[in-house]
Amino acid sequence: MSIQIFGIRHHGPGSARSLRDALESLQPDLILVEGPPDAADVLSLLRHPAMQPPVALLIHVFDDPKRSVFYPFAIFSPEWQALQYALTHNVTARFMDLPQAHQLAFEPQISDIKSGRYQDPLRRLAEAAGYTDGEQWWEMMVEERSDGYDLFAAIFEAMSALRESFPVIDNPIEAQREAFMRQTIRVASREGFQRIAVVCGAWHAPALDINSKSTPSAKNDAAQLKGLLKTKVRATWVPWTNGRLSLQSGYGAGITSPGWYQHLWAARDNVAIRWMVQVAQLLRGEDLDVSPANVIEAIRLAETLTALRGRSSPGLTELNEATQTVLCFGSNLPLRLIHDKLIVGETLGQVPAETPMPPIQQDLHREQKRLRLPAEAGERTLDLDLRRATDLDRSRLLHRLTLLRVPWGESQRVTGKGSTFHEIWRLRWQPEFVVAVIEASIWGKTILEAATAYVRDVAGGADDLPGLTNLLDRALLADLPDAIGRLMERLQSVAALTSDATQMMGALPPLANIMRYGNVRKTDATMVGEILDGLVARICIGLPGACASLNDEAAAIIFEHIIRTNSAINLLRNDDYSKQWHNALLQMVDQRNLHGLVAGRCCRLLLDSTRLAAEEAALHLRLALSTANEPGQAATWVEGFLKGSGLLLLHDETLSRVLDDWVTRIHRESFTMILPLLRRTFATFTTSERRQIGERVKSGMKVAAGPTFSLQSARADFDQARAEAVLPLVAKLLGVEID
Amino acid sequence: MTAILREHAEQQFAEELAVLAQIDERPRPPNWNISPWAVSTYILGDTLDNGFLISPKYIGQRRLIEIAIATLATDRALLLLGVPGTAKTWVSEHLAAAISGDSTLIVQGTAGTSEEAIRYGWNYASLLAKGPTGEALVPSPVMRAMREGKIARVEELTRIPADVQDSLITILSEKTLPIPELNTEAQAIKGFNLIATANNRDRGINELSSALKRRFNTVVLPVPETADEEVEIVQRRVESLGRALELPAEPPALEEIRRVVTIFRELREGKTSDGKTKIKSPSGSMSTAEAISVVNSGLALAAHFGDGRLRARDIAAGLVGAVVKDPVQDRVVWLEYLETVAKERDGWKDLYRACREI
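Same order as they appear, the protein sequences are chains S and E.
Residue 1 is where the first sequence starts when you use my numbering, and the numbers rise one by one after that.
Residue 1 is where the second sequence starts when you use my numbering, and the numbers rise one by one after that.
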């Protein structure tokens, strides 16, 4: 019986190649791989033709998916190659690490200690060899060369020496892991296997030599493993991305250049040339001029650099430097592109459909297939036209996932034309989302079910009005009819109890949006209407009371709320609401001791809506600025009246006439006195606005700037019939129906 | 000491080059005096196995120098790009000195550089007397380098008019220089190569044609990365220049150099070294080379008019001259810097006062 130990680096193409060759010549009858035995059931899926690395083993605590660990594999991972060899040659393969059922039973913080275990000893070796970077040293000594068998003996020896001079940090988990691995090997040898191959991280290699005197005995190991905690875990395969191979989880070591490793693995000869050709093709695709002659020069430079540095074949460093110097004319900008697309490389693996997964995950896969919305590693922008059924369903799926904290898509703000029926999403699938999806399975068996249950649960617990309306907004977007009923009930009851006008005003705009634009998404808005009726009425009654005796800070908040509520009510186009709202505003304009900011804005809103004639508004202005008032109060009134309206003053004739009337009638001395008050507001306008206002006043206010769009300007020969003829087309473009 | 004001690199560092050539056993490209490895040791400095100290000529990223040397070894022409004062010319001189032992085959690029300066000219008396003959031909430095298998240098390539620049294309791609008047050509022998330097800040002047650009490997020399690196550069250069100019003053205090470098870095980057305050940048490039000359002129002042020690008032005059290139704009920048940064800083009182007095 012989036991051969192969110390490798996780995700090392050179290790993988040497290992594969070594296995071919050893012809083992059992292969033990450092990895979680919990995954034994899903191991056979490796042979499935649909299994395409990079993939990862996901082990998670059964009822707490958040506590999970990933074991990523790329095609160039030695473990992957060892398992592939076993499965294709009908050799028994087993994982031999301490089961995650035990490891995950511990408190989570232990994983922090694990991450540093490979880098450190390697760096010591590299320093001894005169390198500053352990990774680089390992790469050059192991990964970028292709000689096989004695490599592992050398690694074994080097690591033995290291472990002697740098004793293992006292870490119980590490000790237990090694003890467990040794026990697995002992069991295997008792079972009568003849040639056992053990594949493990280089650092562990010396500790797994059960025949050596320095390793602990079977008795010690058994004692070490006594009384381990245990929890129920589940193992499955998930697709992984190259970018996430650098993630430190499961196998501690991450790598920074998976694309380059993939290349090292795939290209058996002419590594540098093939790489440079790929770079050239990528750059050409981006319209950067790269000729074959340049590629030749770049290769020559890379090779000369390699020789200058006394290395045997060009590494990524030399190739990158040659690329920058020859192909990019010294600029480092294209290198970023090369880094993203080639050195890391955005590929997403695939797992077969038979992989065990919770129903909700299967549902997600079905939906992705149905909507032709595959998960992709790279980022892409999706423009959805909600008038089309598929796009609408896509949007709903993304909204539901967002509710379930799976931020696959990020909704972008849409402005300009078509903003009511377009949605723009930025999609980027991260492999870890799988965990969030599995976590969501506690809410239901499908995405729809889970999202509904989740919203209903949140709605039950929430008791603030803006939070609820916000949730309602999202639930409507996600089209969760069963949850919306519950939300409406909650909203009704919470709104009835709320006496805070600001809270109600905060809740109004989202509801108004739903009411106004809901029809594009074909959501039922009648329920919203009922709530709005009550809400508007209560706002209009409560607002004047809520605005009594405000300090500056509170006034500023109310000011914003009033503006937003006003535009929400305008949006609703409901005469009844507008009437109530304007009455409330009218009441406030005349209210005594109202904060100037609020009073001024009320007056202004009424003027805009023509509920207040220009003369009346001018009267209010004069009253507010009369000398009897406190200067501070007067100043805030003007501020409320004019804030942010510099441009409007230029273009709105009514507004400027009101101001003009007032200025021309005022007495010369009083004008000088109130000038500072006016200045406070006018100073906030931009310089060009102020200059233009001045120019208009100078030219005698005669010319109204810009064309006026009013019905009165319609000319006598306006042909009603011809104008109406275009309406059906306009309606179609806008996606609305006209009677 | 010789009477020459400034010696060529191959003269000044003749001993270092000789020692390197002696111990160097690595393969040398044809007609190279020393191997590429030895060239990098010469430029970056090191202590040899026999204890001989090679002084560093370039302080900065090792890989840049390695790329430059590897480029020359592959017979591709080298283009050194960088903002003014980043040691482009300095590196090119030392590369030529180390590889060919001759840094004098140089064409200085100006707006008036003609094709003759790059290819060849004629001795007109001889031309008129005897007609076009080999003797009447006056070879350019580039042509001489081709014939002798040496490194030619072209300074400020982008200042040369575009049509003149393009006369380099045949030389770089075919490694030959046709002489149609004599119905012959000058073919370069092994070892010939060309180093060009160009300023990438005023790139607009005569942008290289893409045909020419493709024939160069481009290495961009950056401004020094850290303040410490820059201090070291200034100190080394000032010391060696001081020696060359026979200044009797004491070598400058590190502290004084550090202050000058700090001022230059801060003005160049537009923020204070702690990154907390933004400041305006003057119109000049505020290069390391200028910092060196400020310290140097300060040394001269200290030696001849002061007490022989570099003090704040000695560097103040040079500082103002280096910063204020535009009398209106830069003056405001400088005064603002003095009032907001220099005045507040601990231990900078003397410098502040000295600068205000000017």
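Just so you know, the hints here were simulated from the structure itself, not pulled from any lab data.
Don't be surprised by glycine CBs; every beta carbon is placed ideally from N, CA and C.
Hints may contain errors.
A few chain S residues facing chain E, derived, Cβ under 8 angstroms [unchecked claim]:
hint : residue
1    : G192
2    : Q194
3    : L305
4    : L308
5    : R309
6    : S312
7    : E321
8    : V326
9    : F329
Evaluation of the provided hints:
1. At about 56 angstroms, the closest approach between the beta carbon of G192(S) and any beta carbon in chain E exceeds 8 angstroms, and the interface hint on this residue is violated.
2. Hint status for Q194(S) relative to chain E: violated, with the closest Cβ pair at about 51 angstroms, above 8 angstroms.
3. Interface restraint check: L305(S) against chain E, minimum CB-CB distance 4 angstroms, threshold 8 angstroms, status holds.
4. This hint holds: L308(S) has a C-beta 5 angstroms from the nearest C-beta of chain E, less than the 8 angstroms allowed.
5. Interface restraint check: R309(S) against chain E, minimum CB-CB distance 7 angstroms, threshold 8 angstroms, status holds.
6. Here the hint on S312(S) is broken, as its CB sits about 16 angstroms from the closest CB of chain E, past 8 angstroms.
7. Because the closest C-beta pair between E321(S) and chain E is about 5 angstroms apart, less than 8 angstroms, the hint holds.
8. The interface hint given for V326(S) is met, as the beta carbon of that residue sits about 5 angstroms from the closest beta carbon of chain E, less than 8 angstroms.
9. Taking 8 angstroms as the C-beta contact cut-off toward chain E, the hint placing F329(S) at the interface holds, the least distance being around 5 angstroms.
Checked against the numbered hints listed earlier, the structure breaks hints 1, 2 and 6; every other hint is satisfied.
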